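S.K.: Position chain X relative to chain P; hints supplied.
First to last, the sequence lines map onto chains P and X. Final position of the first sequence in this note's numbering is 669; the numbers increase by one with none missing. Final position of the second sequence in this note's numbering is 669; the numbers increase by one with none missing.
A few of these clues could be false.
Covered stretches of chain P (chain X as the covering partner; in silico rule of three or more C-beta atoms under 8 Å from a C-beta of chain X) [unchecked claim]:
no. : stretch
1   : 555-562
2   : 625-635
In the DSSO-like style, the derived pairs of lysine-lysine whose C-alpha atoms are separated by at most 30 Å in a straight line are [said to hold, decoys possible]:
no. : chain 1 : residue 1 : chain 2 : residue 2
3   : X       : Lys-518   : X       : Lys-531
4   : P       : Lys-641   : X       : Lys-636
5   : P       : Lys-646   : X       : Lys-666
6   : P       : Lys-625   : P       : Lys-603
Coverage of chain P stretches by chain X, computed from C-beta distances (three or more under 8 Å per stretch; other residues unrestricted) [unchecked claim]:
no. : stretch
7   : 317-330
8   : 406-420
Keep in mind the hints are simulated off the structure, nothing from the lab. These numbers come from a predicted model, not from an experiment. Glycine included, every Cβ here is placed at the ideal spot set by N, Cα and C.
Protein chains: 2
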Amino acid sequence: MINKELFSTEPDISKVKITDSFWKNRMEIVRTKVLPYEWEALNDRIEGASTSHAVENFKIAAELTKKGLVGKNTKGTTKTVGAEAVDTGDDGFKGFVFQDSDIAKWLEAIAYTLTWHKDSELEKTADEVIDLVCAAQQEDGYLDTFYIINGIEKKWTDLKNNHELYCFGHMLEAAVAYYEATGKDKLLNAMKKYADYIGSIFGPEAEKRHGYPGHEEAELALVKLYNVTKDKKYLDLAKYFIDERGQEPNYFSEECKERGEKIPTYEDLAYHQAHKPVREQDVAIGHAVRAVYLYTAMADVAKLTEDEELMAACERLWNDVTKRQMYITGSIGSSHLGEAFTFDYDLPNDAVYGETCAAIGLAFFAKRMLGISPKREYGDVLEKVLYNGILSGISLDGTRFFYVNPLEVVPYKNHMDARFRHVKTERQKWFGCACCPPNIARIMADLGSYVSSSNKDSFYTHLLIGSESEVEILGVKVSVDVKGNYPWDGDIEVTFNPETPVSFTYGIRIPSWCDNFKASFNGEELPTTMKDGYLILKKEFKKGDVLKLSLDMETKVIEADARVHADHGKVSVMRGPVVYCLEEADNGRDLYLLSMDADADFKVSKETDLGGINALLTSGYREVKEDDDRLYRPAKEIEYKQTNLKFIPYYAWNNRGEGEMTVWVKRRS
Amino acid sequence: MINKELFSTEPDISKVKITDSFWKNRMEIVRTKVLPYEWEALNDRIEGASTSHAVENFKIAAELTKKGLVGKNTKGTTKTVGAEAVDTGDDGFKGFVFQDSDIAKWLEAIAYTLTWHKDSELEKTADEVIDLVCAAQQEDGYLDTFYIINGIEKKWTDLKNNHELYCFGHMLEAAVAYYEATGKDKLLNAMKKYADYIGSIFGPEAEKRHGYPGHEEAELALVKLYNVTKDKKYLDLAKYFIDERGQEPNYFSEECKERGEKIPTYEDLAYHQAHKPVREQDVAIGHAVRAVYLYTAMADVAKLTEDEELMAACERLWNDVTKRQMYITGSIGSSHLGEAFTFDYDLPNDAVYGETCAAIGLAFFAKRMLGISPKREYGDVLEKVLYNGILSGISLDGTRFFYVNPLEVVPYKNHMDARFRHVKTERQKWFGCACCPPNIARIMADLGSYVSSSNKDSFYTHLLIGSESEVEILGVKVSVDVKGNYPWDGDIEVTFNPETPVSFTYGIRIPSWCDNFKASFNGEELPTTMKDGYLILKKEFKKGDVLKLSLDMETKVIEADARVHADHGKVSVMRGPVVYCLEEADNGRDLYLLSMDADADFKVSKETDLGGINALLTSGYREVKEDDDRLYRPAKEIEYKQTNLKFIPYYAWNNRGEGEMTVWVKRRS
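Just chain P, with the same shape it has in the complex:
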């Protein structure tokens, strides 16, 4: 049941200052390294990296538009390209059909950084990019370089594969973010025009097309446009896209028939979450990024329209994703075939997909669920995926990226075996399909919007990240400052500074990894009132009030539900929200020969290496491998040698060259 009283809104990120030593540093890396690096990549100026052509596509499209040549060019091809890169020659479109979205995500990330670090040089570059993007826009508002360059008469003929509404959504997110960050509305107006045009093409009316995005994204972006404009037609269009998906007659099937192609299989429709109406879906299925982008928008629309049925679908899908199809790192997507969910409890560690973008999408979904109801489980997953499955996607220096995030790597296997070739053993400079790097940049730059949410008489701290938030509660400006050394230790101090004393409800998430904690308020021990995993203070707050939390942060040996075959007989190690792993650099080769007891004791070793980490040391076993000439032989007693095991945070792996890594370790007892 939806309880509107619990609805809360994410903060205006220009009013949140991330002060956290762990994250602030990474956000600075995003600002000073990742985004400039990505800019070079988008302009194809990085030696040895896959080419992007994203900027070039906009230049070509703008030039054609300026010269009035759009639609008159004949050399292009607009055949279904889906997830294959195209190269249609010198003046043709190059790269993936969704290449425009890389520019959009980069712009969006830039916008977020401008809220916490003014940089007029950077803003100038962004303005120029926006000028370029807008120069490519058509009279009617249409804006997709693939079709503008290669054959605009074919627009909207292949929603299933060709990503127009996806690119639209990303550019719209960028437009909203840039407007909110700078007040400049050029791109916002352009995208509003595009949105209006799309609204004239798609919708429930008989004369409109009953289509929806092949890759969900427009839905959540339209909600953002609604939030900034309060124009309900954008919310309606988002809702329409959501509710039309999977209805009969199936739009994608009809579209394929029109193109004279085979109608899609059930699997193909499920890949697009279009096998049945979303309200009837129980199981997360198909392409993982598509799925979580959809669920994010579903949660948005459920909240904004107070739609119980849609909310129930969100909860069912949330439960399926996070309780049956999620890696311990928060990564999702078990198979490279379709970059997809497979089935409940199927979580192979080596053949995993775990796309960085899917982890990011799960964070989006979690944030929306938190906005509906502050429940620990949403915050726990958000925290898990931020510290693990997302962060693993980027190297410590911000210049290398994982698209696929494995939980177990044996490099020679990945090199030799085509079944594992999608799993790179080292982070890459860039990707032909470069969705992940700018996605990491934008979520990190936007971190402030994740830490808390508030409504008229409540404030919730979801993430125990050092931050200073300013918010208005019951007409009073309140600043809430969170300090700590998270995730390395569990002491958190929250200082409240309302301009005048004000009564409100404050909630702070006590993570589920924490079995015991102490809380004091202004030095006095606090009787703990808990609700849905949040410590609740309902009281009058005055300037200088201090809540101190001390969370027991034990190292824990974790097991998976026994239905997860891949983890059976194994354990992993966590401390606080951080998932740990064994790396070859610390533990030698053949990690599969190592084992440990489930009740092992750990020593925390504070290290400056790897950007500053708590490493975990314990004693384990190494099986003595006896090679003889026999591939199969009578079983002998296994000989084990005691050995020291050193665990490092999973996100920090592969920053010391190629080598084996495993999150799950054999359990000896």
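M.R.: Just chain X now, with coordinates in the frame of chain P:
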């Protein structure tokens, strides 16, 4: 080093009578069920089974030939089809480009059965098929229905993909077998003509094409033609095909260039074992069936030409296959991608390929190696693959077949997960690509040729299968009768009946699974002289001499070399040559929760079920699965319940409906 003294020759199967209760029954099933069933399948008369069109293709080709229309038909296509089925309409070729070979393998199997069971009806059918095949032959000897029907002007333009020389090889094997079984030479003469024509097209001479089969097979068939004709040109052509393979300039690459296609990648060449000259190859690579058919011919040619270098390559490849890339069942081919070998010690039990044809090819290779030198390891592998990886390919009633032979099946996983969809959870009625069923038929029908070999003054029993063999040694007719109840117990009795007393060397393989055995000769204990794993008797044999062997047949718990990651922490169970498995029908679901001690005691349970087996009973453990809402949770002590485990022979699995199965069981201690 080749030692010519040890060379031996397989028996004339018309002089071997298989009396074995285990195998004779299966051979009768092949004769009375499998071959008639296959005949129906080849004629597309089995409801619900994949269509073959193999007979139909020959009819169409014969009709075109009769009417002089070959080459005048224009509707067909001869593009590279490789491993995809084609359907070129009503009068066009249908099925895989290698469909002819199914007829050939069926004919070959028929030929073998006729040596041990005269059946004039069956022989008449075979004669009619031969008439049909020969009616499709062209003036110059050419005989491949795909090109005859669809465009003969394109013949020999795509050796890499289009299987002409493969189909030739199989029909040649059939021709030799049928000639040897019946004395009828119609097909043999036709195939000799075809072979001569091929010899005029391919060879080292500058004016000839320097090509070789895309799928090896012609090589070993040409050796058989040499053996029956003693015409050295056929051996030379086999040797040429072998030695030309992988030479530079690479024929397949040149051929692709000529067709205007991309030149093959290294991987593609390796798939065809054409990445480098075969004499330089150390590692079994590429398509597993292709590989072992090649190695078989290499061993043939090495022996017949006394080629030390080629023999050394065979030994290296034998070692790589059997000591680093072979499943415990004798199956080979770890990946469905290319139906191929992957890399040393990569032996996944669930994602396995283990094609039945590849197991059969390994038996061919083993037989050739035994003919060069009677070494236990060759006989052990032959025995292993016969009782396990081959036999698992066919249901007990002879009407269902596995193409892929998994060592671990969890049906819902195979159904849900496209990565495992190549692994069928139940034997199939037939296959579109139906290479396996007739291949099983021909090796079973030809079993007599595997049990022993002999030369002028030696006789070797390689397989402890009940059989009566008649052979000439030093001019004396000797019958060697092997009796026993193998593989269920280890008592073997060998009776010698020479027409007159004669001195020769008798060797019988003592399998490596046997740690202790006793031997007596005419009732007196025998001092055991062993050579390469064979018990050797060098003496004068007279009528009625009896060698009694009593092999300790303990149930053994087996472990794999620790480098086999997939089997690490697991054990399997063998008794004699038979590999056992746990099936859901006996042990319930969730077999992965079961475990056992490596020193478990077993009880042998003689059962009449499943065609009569020794089941093995022991006590093991079932982990108590505690499901709660948490996918990941602090590790608790694992609770185990004692449980009875019942193992059945692996070959007999999946004869009681669909269910879980595993060969490797978790090891508790």
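S.K.: Now look at each hint and say whether the structure bears it out.
M.R.: Now for the hints, and whether the structure bears them out:
Here the stretch 555-562 of chain P counts 7 residues with a CB under 8 Å from a CB of chain X, which clears the bar of 3, and the coverage holds. Restraint check on the stretch 625-635 of chain P versus chain X: 11 residues with Cβ-Cβ distances below 8 Å, three needed, restraint holds. Only pairs whose Cα atoms come within 30 Å are accepted, and X:Lys-518 paired with X:Lys-531 is accepted, the gap being roughly 16 Å. A threshold of 30 Å between alpha carbons decides the hint, and for P:Lys-641 with X:Lys-636 the separation of about 24 Å falls inside it, so the pair holds.
Between P:Lys-646 and X:Lys-666 the CA atoms are separated by roughly 27 Å; this keeps the pair inside 30 Å, and the hint holds. At roughly 28 Å between alpha-carbon atoms, P:Lys-625 and P:Lys-603 fall within 30 Å of each other, so this suggested pair holds. Evaluation of the coverage hint for the stretch 317-330 of chain P: fulfilled, as 5 residues show C-beta separations to chain X shorter than 8 Å, against a requirement of three. Here the stretch 406-420 of chain P counts 7 residues with a CB under 8 Å from a CB of chain X, which clears the bar of 3, and the coverage holds.
Figure legend: structure checked against the earlier numbered hints; every hint is met.
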